[in-house]
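2 protein chains.
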Amino acid sequence: MAPEQMPRKTQDEKIVTAAVLIIGNEILSGRTKDMNLGYLAEELTKLGVRLREARVVADVEGEIVAAVNDCRARYDYVFTTGGIGPTHDDITSAAVARAFGVPLILDERARAMLERNYPPGGLNEARLRMAHVPQGASLIENPVSAAPGFRMGNVFVMAGVPAIMRAMFDGVKGKLVGGRPVLSLTVSGFLGEGIIAAGLGALQQRYLDLDIGSYPFFRQGRFGASFVLRGTEQARLDAAAQELRSLIRELGAEPIEGEPAA
Amino acid sequence: MAPEQMPRKTQDEKIVTAAVLIIGNEILSGRTKDMNLGYLAEELTKLGVRLREARVVADVEGEIVAAVNDCRARYDYVFTTGGIGPTHDDITSAAVARAFGVPLILDERARAMLERNYPPGGLNEARLRMAHVPQGASLIENPVSAAPGFRMGNVFVMAGVPAIMRAMFDGVKGKLVGGRPVLSLTVSGFLGEGIIAAGLGALQQRYLDLDIGSYPFFRQGRFGASFVLRGTEQARLDAAAQELRSLIRELGAEPIEGEPAA
Numbered sequence: 008m009a010p011e012q013m014p015r016k017t018q019d020e021k022i023v024t025a026a027v028l029i030i031g032n033e034i035l036s037g038r039t040k041d042m043n044l045g046y047l048a049e050e051l052t053k054l055g056v057r058l059r060e061a062r063v064v065a066d067v068e069g070e071i072v073a074a075v076n077d078c079r080a081r082y083d084y085v086f087t088t089g090g091i092g093p094t095h096d097d098i099t100s101a102a103v104a105r106a107f108g109v110p111l112i113l114d115e116r117a118r119a120m121l122e123r124n125y126p127p128g129g130l131n132e133a134r135l136r137m138a139h140v141p142q143g144a145s146l147i148e149n150p151v152s153a154a155p156g157f158r159m160g161n162v163f164v165m166a167g168v169p170a171i172m173r174a175m176f177d178g179v180k181g182k183l184v185g186g187r188p189v190l191s192l193t194v195s196g197f198l199g200e201g202i203i204a205a206g207l208g209a210l211q212q213r214y215l216d217l218d219i220g221s222y223p224f225f226r227q228g229r230f231g232a233s234f235v236l237r238g239t240e241q242a243r244l245d246a247a248a249q250e251l252r253s254l255i256r257e258l259g260a261e262p263i264e265g266e267p268a269a
Numbered sequence: 008m009a010p011e012q013m014p015r016k017t018q019d020e021k022i023v024t025a026a027v028l029i030i031g032n033e034i035l036s037g038r039t040k041d042m043n044l045g046y047l048a049e050e051l052t053k054l055g056v057r058l059r060e061a062r063v064v065a066d067v068e069g070e071i072v073a074a075v076n077d078c079r080a081r082y083d084y085v086f087t088t089g090g091i092g093p094t095h096d097d098i099t100s101a102a103v104a105r106a107f108g109v110p111l112i113l114d115e116r117a118r119a120m121l122e123r124n125y126p127p128g129g130l131n132e133a134r135l136r137m138a139h140v141p142q143g144a145s146l147i148e149n150p151v152s153a154a155p156g157f158r159m160g161n162v163f164v165m166a167g168v169p170a171i172m173r174a175m176f177d178g179v180k181g182k183l184v185g186g187r188p189v190l191s192l193t194v195s196g197f198l199g200e201g202i203i204a205a206g207l208g209a210l211q212q213r214y215l216d217l218d219i220g221s222y223p224f225f226r227q228g229r230f231g232a233s234f235v236l237r238g239t240e241q242a243r244l245d246a247a248a249q250e251l252r253s254l255i256r257e258l259g260a261e262p263i264e265g266e267p268a269a
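Those protein sequences? They're chains D and H, same order as listed.
In terms of my numbering, the first sequence has 141 at position 134, counting the first letter as 1, and numbering is strictly consecutive.
In terms of my numbering, the second sequence has 203 at position 196, counting the first letter as 1, and numbering is strictly consecutive.
Extracted from the complex, chain D is given alone in its bound form (with noise of 0.2 Å):
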């Protein structure tokens, strides 16, 4: 490795890492396509948080609890989706609380949230449930339905609605603390992803610092591979694209810089 291609690690290279919990059987059974982990996953990206794991967890207390704890520990981050309406299938915020071994509350400025949304007389027992967060827990506001989620540690806990869970992850969003952005590049070629694995692999090893994966597709009727580099240092992204163009060429095909179109 010559000295030019050495990555340079520096200490504001800290990774912060996320995982994201999607949380209820209408996703499980099938009857609702999940909307919110694709959104998450870009939003974190351009945060420079990087997204390690999701996971689909059942309206059952215990999955949850189970779920949150061992995500909590393991990321600095963790978003969960779903479960905090005012219906009895709503169970999020109770095993958020349980998950940290701490009591349900009646929050007084959700409670206010709450009042000033409903005509005189319309906040009764179900939605006064949407005003219980696990003490110590701050809120997340919700400008779409004033329900408001809540930030317990470093769980973020959101509506599964996507249109809310946007409004209320752009609410916290400028909050979060990221590492260094990771930057992507893509080139691709009409070629198989089998003849180029073996030299796309070699240029991996040299690139230890990058991220490079292959995608294959099937394109203007022919079959093809995009081919992902990523990696916080745009002289390592630019020179590793330099080697995979010359390779792609070697291989007898064009680099397309980014997608072809479909």
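Don't take every hint at face value.
Which copy is meant is left open, because identical chains are indistinguishable; a pair holds if it fits in one copy or across any two.
[To be verified] Derived lysine-lysine pairs resembling DSSO-like cross-links, with alpha carbons at most 30 Å apart:
{"id": "1", "residue 1": "Lys21", "residue 2": "Lys40"}
{"id": "2", "residue 1": "Lys182", "residue 2": "Lys21"}
{"id": "3", "residue 1": "Lys182", "residue 2": "Lys40"}
{"id": "4", "residue 1": "Lys182", "residue 2": "Lys53"}
Don't read these hints as lab results, they were simulated from the structure.
Given chain D, work out where chain H should sit, using these hints.
Below, chain H without anything else, positioned relative to chain D:
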């Protein structure tokens, strides 16, 4: 509870469970949006197999091994997607072999499938990786692009490309032993979840053999919710749905069968 409302539990009501593991950094970075979970969730539900959990796992051998071993012990079936191609980032087969504590071996039948798929001499070392399976595995045929998946114990290892995954699943689903199919019945109403929550919770308490979910929506310019009843006995679903329709009417709304148009 009147005798005619008692759930009849019979020996054939064995509950068959499953987990899905979606393997791949591209899902966690947001580059690729998963299309497999929703499909498998629906198909398993139709087969009477209850999907209890899903996880998105990075292309890291230790993570895949841990997820496979955790899930294969807890559920009747485990389905994995992704990571069985020819490139360096395709490590699912090796990870599953390690999870089972067996070597990864060349399968001669898989090699023959691949040989038929490429021009003479085209089956290079990288492509030959796709003919390696854990010792003791049986193959899952791939009618789309030849390279097979495999079944090892209760773990079904399939491709990540949706068209290939679906073709592989079509080939194995006839071999799965499901429990009694879970039936579902949906009634909706243009009323707030918070209005019906108390009555709905009481209904759930009277029908503990059913799983009653509440899913809010905003359609035709109004808020409402769909209530999904799930269980294995049609008569119980019908009885609960009748009570639910009455409840919706008592609250001043009109029950709608199924979901209202968008």
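Verification of the hints:
Taking the closest pair of Cα atoms, lysine 21 and lysine 40 come within 30 Å of each other only across two copies (27 Å); inside a single copy the shortest separation is 34 Å, beyond that limit. Taking CA atoms no more than 30 Å apart as the test, lysine 182 paired with lysine 21 passes inside one copy only; the shortest distance there is 17 Å, against 48 Å between copies. In the homo-oligomer, the alpha carbons of lysine 182 and lysine 40 lie at most 30 Å apart both inside one protomer (29 Å) and across protomers (26 Å), since each shortest distance falls under that limit. Only within a single protomer do lysine 182 and lysine 53 lie at most 30 Å apart by alpha-carbon distance; the minimum there is 14 Å, versus 43 Å between protomers.
Going down the numbered hints, you'll see the structure goes against none, and every one checks out.
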